[in-house]
Amino acid sequence: MWSRQRGRLKPLCCGVEELRCRRREREAALRKARREQQLVSKRLLRDEALEEAEEGCVAMIFGEAEIQQFLRLAQRGTEEKEREGALVSLRRGLQRPETQQTFIRLEGSIRTLVGLLTSNQALLQLEAARCLHELSHSEQSAVVEACLPATSYLLTYLSGHSSDFISPHLTVLEALGYALSQLLQAKEAPEKIIPSASTDSSVLGSTLPQHMLQLLQPGPKLNLGVAVEFAWCLHYIICSQVNNALLITQGALSTLGLLLLDLAGAVQRTEDAGLELLACPVFRCLSNLLTEAAAEAVGGQLQLRDERVVAALFILLQFLLQKQPSLLPEGLWLLNNLTANSPSFCTSLLSLDLIEPLLHLLSVSNVVSVLVLTVLCNVAEKGPAYCQRLWPGPLLSSLLDTLAFSDTEVVGQSLELLQLLFLYQPGAAQAFLQQSGLQALQRHEEVAQLQDRVHALQQTALHG
Amino acid sequence: MQLPPALHARLAGAPGSAEPLPVERDPAARTAPFRFAPRPVRFPREHDFFEEGDVQRHLYLQDVLTQVGGAPERPRVPEFTCQVAGCCQVFDALEDYEHHYHTLHRNVCSFCKRAFPSGHLLDTHILEWHDSLFQILAERQDMYQCLVEGCTEKFRTSRDRKEHLVMRHLYPVDFRFDKPRKSRGPVMPGAAEQVLAEAPGDDGVPSEVDAMEVCSEHVEPPPAPAGERRAYSHRIPSTICFGQGASRGFKRAKKRNKHQ
Numbered sequence: 001m002w003s004r005q006r007g008r009l010k011p012l013c014c015g016v017e018e019l020r021c022r023r024r025e026r027e028a029a030l031r032k033a034r035r036e037q038q039l040v041s042k043r044l045l046r047d048e049a050l051e052e053a054e055e056g057c058v059a060m061i062f063g064e065a066e067i068q069q070f071l072r073l074a075q076r077g078t079e080e081k082e083r084e085g086a087l088v089s090l091r092r093g094l095q096r097p098e099t100q101q102t103f104i105r106l107e108g109s110i111r112t113l114v115g116l117l118t119s120n121q122a123l124l125q126l127e128a129a130r131c132l133h134e135l136s137h138s139e140q141s142a143v144v145e146a147c148l149p150a151t152s153y154l155l156t157y158l159s160g161h162s163s164d165f166i167s168p169h170l171t172v173l174e175a176l177g178y179a180l181s182q183l184l185q186a187k188e189a190p191e192k193i194i195p196s197a198s199t200d201s202s203v204l205g206s207t208l209p210q211h212m213l214q215l216l217q218p219g220p221k222l223n224l225g226v227a228v229e230f231a232w233c234l235h236y237i238i239c240s241q242v243n244n245a246l247l248i249t250q251g252a253l254s255t256l257g258l259l260l261l262d263l264a265g266a267v268q269r270t271e272d273a274g275l276e277l278l279a280c281p282v283f284r285c286l287s288n289l290l291t292e293a294a295a296e297a298v299g300g301q302l303q304l305r306d307e308r309v310v311a312a313l314f315i316l317l318q319f320l321l322q323k324q325p326s327l328l329p330e331g332l333w334l335l336n337n338l339t340a341n342s343p344s345f346c347t348s349l350l351s352l353d354l355i356e357p358l359l360h361l362l363s364v365s366n367v368v369s370v371l372v373l374t375v376l377c378n379v380a381e382k383g384p385a386y387c388q389r390l391w392p393g394p395l396l397s398s399l400l401d402t403l404a405f406s407d408t409e410v411v412g413q414s415l416e417l418l419q420l421l422f423l424y425q426p427g428a429a430q431a432f433l434q435q436s437g438l439q440a441l442q443r444h445e446e447v448a449q450l451q452d453r454v455h456a457l458q459q460t461a462l463h464g
Numbered sequence: 001m002q003l004p005p006a007l008h009a010r011l012a013g014a015p016g017s018a019e020p021l022p023v024e025r026d027p028a029a030r031t032a033p034f035r036f037a038p039r040p041v042r043f044p045r046e047h048d049f050f051e052e053g054d055v056q057r058h059l060y061l062q063d064v065l066t067q068v069g070g071a072p073e074r075p076r077v078p079e080f081t082c083q084v085a086g087c088c089q090v091f092d093a094l095e096d097y098e099h100h101y102h103t104l105h106r107n108v109c110s111f112c113k114r115a116f117p118s119g120h121l122l123d124t125h126i127l128e129w130h131d132s133l134f135q136i137l138a139e140r141q142d143m144y145q146c147l148v149e150g151c152t153e154k155f156r157t158s159r160d161r162k163e164h165l166v167m168r169h170l171y172p173v174d175f176r177f178d179k180p181r182k183s184r185g186p187v188m189p190g191a192a193e194q195v196l197a198e199a200p201g202d203d204g205v206p207s208e209v210d211a212m213e214v215c216s217e218h219v220e221p222p223p224a225p226a227g228e229r230r231a232y233s234h235r236i237p238s239t240i241c242f243g244q245g246a247s248r249g250f251k252r253a254k255k256r257n258k259h260q
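In the order they appear, the protein sequences are chains E and X. Counting in UniProt numbering, the first sequence tops out at residue 464, every number present. Counting in UniProt numbering, the second sequence tops out at residue 260, every number present.
Hints listed in this document are in silico derivations from the structure and should not be mistaken for laboratory results. From a predicted model like this one, the values you see are computed outputs, not experimental measurements. Certain hints may be false.
[Claimed, not checked] Derived lysine-lysine pairs resembling DSSO-like cross-links, with alpha carbons at most 30 Å apart:
no.: 1; chain 1: E; residue 1: K192; chain 2: X; residue 2: K154
no.: 2; chain 1: E; residue 1: K32; chain 2: E; residue 2: K192
no.: 3; chain 1: X; residue 1: K113; chain 2: E; residue 2: K221
[Claimed, not checked] Looking from chain X toward chain E, a few residues come up when the C-beta cut is under 7 Å (computed):
no.: 4; residue: M1
no.: 5; residue: L7
no.: 6; residue: P15
no.: 7; residue: R25
no.: 8; residue: P38
no.: 9; residue: E52
no.: 10; residue: D54
no.: 11; residue: E95
no.: 12; residue: P117
no.: 13; residue: L147
no.: 14; residue: V148
no.: 15; residue: Y171
We treat Cβ as the ideally placed atom computed from N, Cα and C, and that holds for glycine.
So here's chain E without its partners, still in its complex pose (with noise of 0.2 Å):
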């Protein structure tokens, strides 16, 4: 049973274009600082939230004593209003870096917000979770740092509620998820938070990692919140390719595929806007971890086998397509990196019948044509018995439309399956030829890139 976080969407109060212009906007500048390698900046977070948070509140910046006073009323005062207001107002004030940086100079502050972050107490530890939240955007790193030790203790305390749906809990397991995932992302991550080298508060030396993984797990237990928190940490972790054998050996395919075939279930039964948020990082773990020479190691209890999975992406193929499809790319990298060295799921796609539904993706974009072009040269390049399940079918007419595409590397790949097809299935050239074929090649023939294979093609089509 997926729980979204109660409260989290809030009532609309414009118009729904003025929305989607807005969110248009939004999105070329996060797209322009990604390319100026932004992205990590925390100010694009910041301004944004700031902005519409506090309108013409300015934070102020609190000093050594103004803190400790803070969290002396957050911790004894006898008044809960009082308590949460002490709260309150260190939040604001740690919207900025020289607060940030007073307070975890200060001793025992981290202590003393741990302990909240634990109490029972639920405004309280709502509270000390938003505290946390300003911390995790700092852009001093040893902000963040600060921060990480109080990890292992918060999840072990943390852990075990997972089950019981408790807001307040839920809220700290995901402010935590997100203050990882904030310094796992920053540029000195790969080299000194991750390593399990040799530090023993190294993010891959504790059992973090393991921790992340149960988090993970799929089940009744499991939520959204806080599992796309966990789930973009370990994605920081997965592709900085610290240690990624440790992690497949701590069971992450076996983890993150079951855990995708409970998002697929999840996203037949509901039409919650939100899943895809979880599904991008996991196809990328799983895409990222697949090319790590222990997952093919044969025989291991810890390879991803199970054609379910296959289903399974599919699936949320079909979704990403209705609510997303700029994710598209992502799940069709994922069934590459499943099917490149694989027989078994090559064989899967034909026996579940999936390459009609994949065809049916090619008109999308350049990017989607060239990856299902690519997932079909995988199928086909394993031989005739595979070929043979290929035809006859529309894949020879989706083959004609994608030669009149103008994107050399959509062509370029049409090419190749071609080829295989013409070398492994007899009668398909013939085919190609009947279905004027030659003119399509044609267009291409002064194609530098292309020239070569399209001659190829021509001579194999005509004269065998």
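Take the given structure of chain E and dock chain X to it, following the hints.
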């Protein structure tokens, strides 16, 4: 994109992999000018391929953080009291009550009434504190399991385990997980004082850094009314070595000596 109906059934079905069709490659397949070879692809974090996904992720975060920054909407209900015997906490929001109940009444030890944050910690407590077989086995082998899930280390004494938790997993030095039996007023109760798991014996003087049992409430101790402290030390006989009462008795005895 139409999916074959049998696909959903397959998803719900048993795990398994397809028996692969025979692979038979012709060397002509990879000869120039054709160059296709199947290969799993790896992308590093900064790759352009991730642009879309990263942008979507940040859009989501911007939305979330806007809401985190704003005030929470909290549906209020008419005031009501916690129904658990001995507890008189009052609430006006269901979420608060749920949290309170879960934290203080849910995972409660039926022997000593301590409350724990999770079933796992409660189970560990019961095993280590209320199971005589455990004590017997503990004399011969390492029985104290590390509290961090996924860490397989075991220790001879709970003090060793505590040291491991602090050194290796960076737990706070004064951590404890259990909630004391009695609420000591409106302020969050919970002592940062060390609770002894060993019988007082040997030197008789409890050390600050002694072994922790399965506990942690990580808040500085609020100043408790002086009268209550004395009451504890009188009530619990010194021969009983476990439990907060006993240790506090010891501690306070020590402190009283100090001040005299």
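What hint numbers does the structure not satisfy? Checked against the structure, no hint fails, so every one of them is satisfied.
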